[in-house]
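For the record, the sequence lines run as chains A and B.
Take 1 as the starting number for the first sequence in this note's numbering and just add one per residue.
Take 1 as the starting number for the second sequence in this note's numbering and just add one per residue.
Check before you lean on any hint, since a few could be wrong.
What the hints assert, rightly or not - Straight line, CA to CA, 30 Å or less: simulated DSS-like cross-link-like pairs of lysine-lysine:
id	chain 1	residue 1	chain 2	residue 2
1	A	K439	A	K65
2	A	K60	A	K50
3	A	K4	A	K154
4	B	K26	B	K65
5	B	K99	A	K439
6	B	K99	B	K254
7	A	K32	A	K79
8	B	K210	A	K50
9	B	K125	A	K439
10	B	K125	A	K372
11	A	K440	B	K125
12	B	K254	B	K213
13	B	K244	B	K213
14	B	K213	B	K258
15	A	K32	B	K210
16	A	K244	A	K217
17	B	K194	B	K224
18	B	K65	A	K440
19	B	K224	B	K258
20	B	K170	B	K99
21	B	K38	B	K27
What the hints assert, rightly or not - With the C-beta cut set under 8 Å, the calculated list includes, among others, these residues of chain A facing chain B:
id	residue
22	R92
23	F338
24	Q424
To be verified - The following residues of chain B were derived to be distant from chain A, with all beta-carbon distances above 12 Å:
id	residue
25	F36
26	V214
27	C219
It is worth saying that the hints were derived from the structure and are not from the lab.
Cβ atoms here follow ideal geometry from the backbone N, Cα and C, with glycine treated the same way.
Next come the chains, spelled out residue by residue.
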Amino acid sequence: MRLKTFRGGAHVPHFKELTATKPIRDARLPAKVVVALHQHTGAPCEALVKVGDHVKVGQKIGDSKAALTAPVHAPVSGKVVDIAPYPQSGGREVVSIVIESDGLQEVADTVRPKGELDGLSQGDLREIIREAGIVGLGGAAFPTYFKLTPPPGKSFDTLIINGSECEPYLTADQRLMMERPEDAIFGTRVLMKAAGVSRAFIGIEENKPEAIEAMQKAAERHSGIEIVPLAAKYPQGAEKQLIKAIVNREVPCGGLPVDVGVIVNNVGTAVAVGEAISTGMPLVERVVTVTGSPVKEPSNLKVKIGTLVSDLVEECEGFASEPAKVIIGGPMMGVAQFTMDIPVTKGTSGVLFLTIDEVSLEEPLPCVRCGKCVENCPMHLLPLFISQYADAGRFDEAAEYGAMDCIECGSCSFICPSRRHLVQSIRLAKAEIAARRRKK
Amino acid sequence: MVYVSAMLVLGGLGALFGVALALAAKKFAVEQDPRFEKIVEVLPGANCGGCGYPGCSGLAEAISKGSAPVDACPVGGAAVAAKVATIMGQEPVKGYVRKVARVMCGGDRANASTRFLYSGLNDCKAAGLVAGGPKACTYGCLGLGSCVRACPFDAMRMGDNGLPIVDEEKCTGCGKCVAACPRNLIVLVPDSSKVNVYCKSEARGAQVRKVCKVGCIGCGLCVKVCPNSAIVLENNLASILPEKCDACGRCVEKCPTKCIIMKGEGASSGCQGQAAPRACAG
Numbered sequence: 001m002r003l004k005t006f007r008g009g010a011h012v013p014h015f016k017e018l019t020a021t022k023p024i025r026d027a028r029l030p031a032k033v034v035v036a037l038h039q040h041t042g043a044p045c046e047a048l049v050k051v052g053d054h055v056k057v058g059q060k061i062g063d064s065k066a067a068l069t070a071p072v073h074a075p076v077s078g079k080v081v082d083i084a085p086y087p088q089s090g091g092r093e094v095v096s097i098v099i100e101s102d103g104l105q106e107v108a109d110t111v112r113p114k115g116e117l118d119g120l121s122q123g124d125l126r127e128i129i130r131e132a133g134i135v136g137l138g139g140a141a142f143p144t145y146f147k148l149t150p151p152p153g154k155s156f157d158t159l160i161i162n163g164s165e166c167e168p169y170l171t172a173d174q175r176l177m178m179e180r181p182e183d184a185i186f187g188t189r190v191l192m193k194a195a196g197v198s199r200a201f202i203g204i205e206e207n208k209p210e211a212i213e214a215m216q217k218a219a220e221r222h223s224g225i226e227i228v229p230l231a232a233k234y235p236q237g238a239e240k241q242l243i244k245a246i247v248n249r250e251v252p253c254g255g256l257p258v259d260v261g262v263i264v265n266n267v268g269t270a271v272a273v274g275e276a277i278s279t280g281m282p283l284v285e286r287v288v289t290v291t292g293s294p295v296k297e298p299s300n301l302k303v304k305i306g307t308l309v310s311d312l313v314e315e316c317e318g319f320a321s322e323p324a325k326v327i328i329g330g331p332m333m334g335v336a337q338f339t340m341d342i343p344v345t346k347g348t349s350g351v352l353f354l355t356i357d358e359v360s361l362e363e364p365l366p367c368v369r370c371g372k373c374v375e376n377c378p379m380h381l382l383p384l385f386i387s388q389y390a391d392a393g394r395f396d397e398a399a400e401y402g403a404m405d406c407i408e409c410g411s412c413s414f415i416c417p418s419r420r421h422l423v424q425s426i427r428l429a430k431a432e433i434a435a436r437r438r439k440k
Numbered sequence: 001m002v003y004v005s006a007m008l009v010l011g012g013l014g015a016l017f018g019v020a021l022a023l024a025a026k027k028f029a030v031e032q033d034p035r036f037e038k039i040v041e042v043l044p045g046a047n048c049g050g051c052g053y054p055g056c057s058g059l060a061e062a063i064s065k066g067s068a069p070v071d072a073c074p075v076g077g078a079a080v081a082a083k084v085a086t087i088m089g090q091e092p093v094k095g096y097v098r099k100v101a102r103v104m105c106g107g108d109r110a111n112a113s114t115r116f117l118y119s120g121l122n123d124c125k126a127a128g129l130v131a132g133g134p135k136a137c138t139y140g141c142l143g144l145g146s147c148v149r150a151c152p153f154d155a156m157r158m159g160d161n162g163l164p165i166v167d168e169e170k171c172t173g174c175g176k177c178v179a180a181c182p183r184n185l186i187v188l189v190p191d192s193s194k195v196n197v198y199c200k201s202e203a204r205g206a207q208v209r210k211v212c213k214v215g216c217i218g219c220g221l222c223v224k225v226c227p228n229s230a231i232v233l234e235n236n237l238a239s240i241l242p243e244k245c246d247a248c249g250r251c252v253e254k255c256p257t258k259c260i261i262m263k264g265e266g267a268s269s270g271c272q273g274q275a276a277p278r279a280c281a282g
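Start from the sequences and build out the full structure, keeping to the hints where you can.
Structure, rendered in structure tokens:
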């Protein structure tokens, strides 16, 4: 049978063998955590604790009254020692709560099982998911409860769980599906009920046969959940490409998946949602793949939110060779960092280290108009024209060519034989266009 | 005889169209201010857009209609303003101030530290979007030369130390570089202004010290030492009011990080008339 997929995209090398066979292990309890009050899409939280307060695991320490936000919780028990701006991934500084762990991991009273799924209404579920601070764990960190609430006049008919993990190197979701398929299926059922849909698809790339098998076995007993093996092609895990591959619907230009009745959630999010119901524990830890050739012991780690990247390196026994580049996320869409003193946030799916030989520092050559970027663009755009307009400062034309529809997946830059910085140009265009629209 | 009729037909058609065109030219003639042409002639013709109008003819039209002042061309300066005023039948403008661009950052490679090695698009705006830019100081010059490329008068070049240098002789004050700088470091100042603070950092002193040797730390010593109250300290940053400054040089001497510089001083030979003497000296 031909595997389901979308048109375009790139066949990127996977590099997953470094960690694919490594079971998820708990990282050591960090001495201190830096919990940012803004690790999600939406409004930043305000601190609910003061310096000197004692906090327990799962205690809510930040929240906001805004409609689009996600509260944050204490991942360790201990003392709040500082509330101040701290650097985050991406170079910006965000007000963060620093907690010094007392090593006891006392759990807050508010953390208790929420009861049977059958006894909870759709509204209850959304409220539980909001209070648990759950956001999309695939990387975008969009608040899940907000996604589950369709805008007036629209509704969902299908839930898609994203287990494709198409980014090279990352194996966090793969291991999660292999080791905790039952929890993933339970989370899927919770999300189905919260979204009000009766069918769910779980899309997994075919390069993870063990994950597919484990999930198929766990899903057997539940009606309405189907595991869909997908072609291993980048960016299969991008929301719009996933919808196209699985239910053959196209999200309209500038639209959202809800416009075609679909809601997409990451498999990690599903597990977190399940946990919020079964144990009542909010989102205070996540699985992070720490990998790359310089790392001595590449691992899949279960990490407390707020753990510093430098602590993770220690956990992986340091470096065998000197890393030249640190990337939060995968190599295709991840963000390069200039310091390791940044904390893991809810959206951190991996930390990748590369040596100087693996980092391309080639100067870009002129565009030869080979059209490879056009062939590979999963959004069916013309990256060469958008980037040329952007380079010339002609941002209105770049917008006409659909710059705002670019998902910044990097397929064009990956494939470009002239090594042009296509995505960077388009990103610049997007920033300029967005700034101009705000001005209007 | 065949060609006679052909000649007659074609000749007749020619005459007919000629008359029609002549009539149309009269009837649909666009009234144009005769001054417009004259103004276009005296404007520099660089079409730089520094005035804010689409090219020199755009400005000439606006001036002839009276919607722009006669000295609206920053490039032409006093001479052009006087000519345009004559064409428009106005008194020549008095007190015209020639403005030049100056790059208010002294954080060159030797003085300012960088956070990471940047490899990507050769554009300051694009570099600034990558983790806040490679320079440790988030207010400092990114040094990729977007301003140099924006200059239509070839008045800027990149110095060897990573800072742009303005040739004040050539600079017309069109403001293209000002718009091109994502850090807003380039300022148009009267060319008579001698003393400037070559820093735009609003960070606190300790923070500035960490990332740059020649940044303004907001200590306020210059404010105290200035006899004309020409210096104000706002957001941890000193700035000099050119209309009050008499270039006595006390602040230049006192400044502990030497970010206040007198034009033409602290510079090696060959640095005359350039905006950032430090950039030139390095």
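Tested hints:
1. Between the alpha carbons of K439 (chain A) and K65 (chain A) the distance comes to roughly 26 Å, so the proposed pair stays at or under 30 Å and holds.
2. Among the hinted pairs, K60 (chain A) with K50 (chain A) is consistent with the structure: their alpha-carbon atoms are about 12 Å apart, no more than 30 Å.
3. Of the pairs offered as hints, the one joining K4 (chain A) and K154 (chain A) holds, with about 27 Å between alpha carbons and a cut-off of 30 Å not exceeded.
4. A C-alpha spacing of about 23 Å is found between K26 (chain B) and K65 (chain B), which places the hinted pair at or below 30 Å, so the restraint holds.
5. Taken as a hint, the K99 (chain B) and K439 (chain A) pair is honoured in the structure, with Cα atoms around 29 Å apart against an allowance of 30 Å.
6. With a C-alpha separation of about 27 Å, the suggested pairing of K99 (chain B) with K254 (chain B) holds against the 30 Å cut-off.
7. Restraint check for K32 (chain A) and K79 (chain A): satisfied, since their Cα atoms lie roughly 9 Å apart, inside the 30 Å limit.
8. About 29 Å separates the Cα atoms of K210 (chain B) and K50 (chain A), which keeps this hinted pair within 30 Å; it holds.
9. Among the hinted pairs, K125 (chain B) with K439 (chain A) is consistent with the structure: their alpha-carbon atoms are about 18 Å apart, no more than 30 Å.
10. Taken as a hint, the K125 (chain B) and K372 (chain A) pair is honoured in the structure, with Cα atoms around 27 Å apart against an allowance of 30 Å.
11. Distance restraint check for K440 (chain A) and K125 (chain B): the Cα-Cα separation of roughly 21 Å lies within the 30 Å cut-off, and the hinted pair is therefore satisfied.
12. For the hint pairing K254 (chain B) with K213 (chain B), the CA-to-CA distance comes to about 15 Å; that is within 30 Å, so the pair holds.
13. Simply put, K244 (chain B) and K213 (chain B) have alpha-carbon atoms about 28 Å apart, close enough for the 30 Å limit, and the pair holds.
14. About 9 Å separates the Cα atoms of K213 (chain B) and K258 (chain B), which keeps this hinted pair within 30 Å; it holds.
15. A C-alpha spacing of about 25 Å is found between K32 (chain A) and K210 (chain B), which places the hinted pair at or below 30 Å, so the restraint holds.
16. Between K244 (chain A) and K217 (chain A), the direct Cα distance comes to roughly 25 Å. Compliance with the 30 Å bound is thereby established for this hinted pair.
17. Using a Cα cut-off of 30 Å, the hinted pair K194 (chain B) and K224 (chain B) holds, with the two alpha carbons roughly 19 Å apart.
18. Between K65 (chain B) and K440 (chain A), the direct Cα distance comes to roughly 28 Å. Compliance with the 30 Å bound is thereby established for this hinted pair.
19. Between the alpha carbons of K224 (chain B) and K258 (chain B) the distance comes to roughly 16 Å, so the proposed pair stays at or under 30 Å and holds.
20. Straight-line distance between C-alpha atoms of K170 (chain B) and K99 (chain B) comes to about 11 Å, which keeps the hinted pair within the 30 Å bound.
21. Taking the CA atoms of K38 (chain B) and K27 (chain B), the gap is about 25 Å. The hint holds against a cut of 30 Å.
22. Interface restraint check for R92 (chain A): the shortest CB-CB distance to chain B comes to about 7 Å, inside 8 Å, so the restraint holds.
23. Using the Cβ-Cβ criterion of 8 Å, the hint placing F338 (chain A) at the interface with chain B is satisfied: the shortest such distance is roughly 4 Å.
24. A distance limit of 8 Å between C-beta atoms decides the matter here; for Q424 (chain A) the minimum to chain B is near 5 Å, and the interface restraint holds.
25. No beta-carbon of chain A is positioned within 12 Å of the beta-carbon of F36 (chain B); the least distance is around 29 Å.
26. Residue-level check passed: V214 (chain B) sits 22 Å from the nearest beta carbon of chain A, beyond 12 Å.
27. For C219 (chain B), the condition that its CB be more than 12 Å from all CB atoms of chain A holds, with the nearest at approximately 23 Å.
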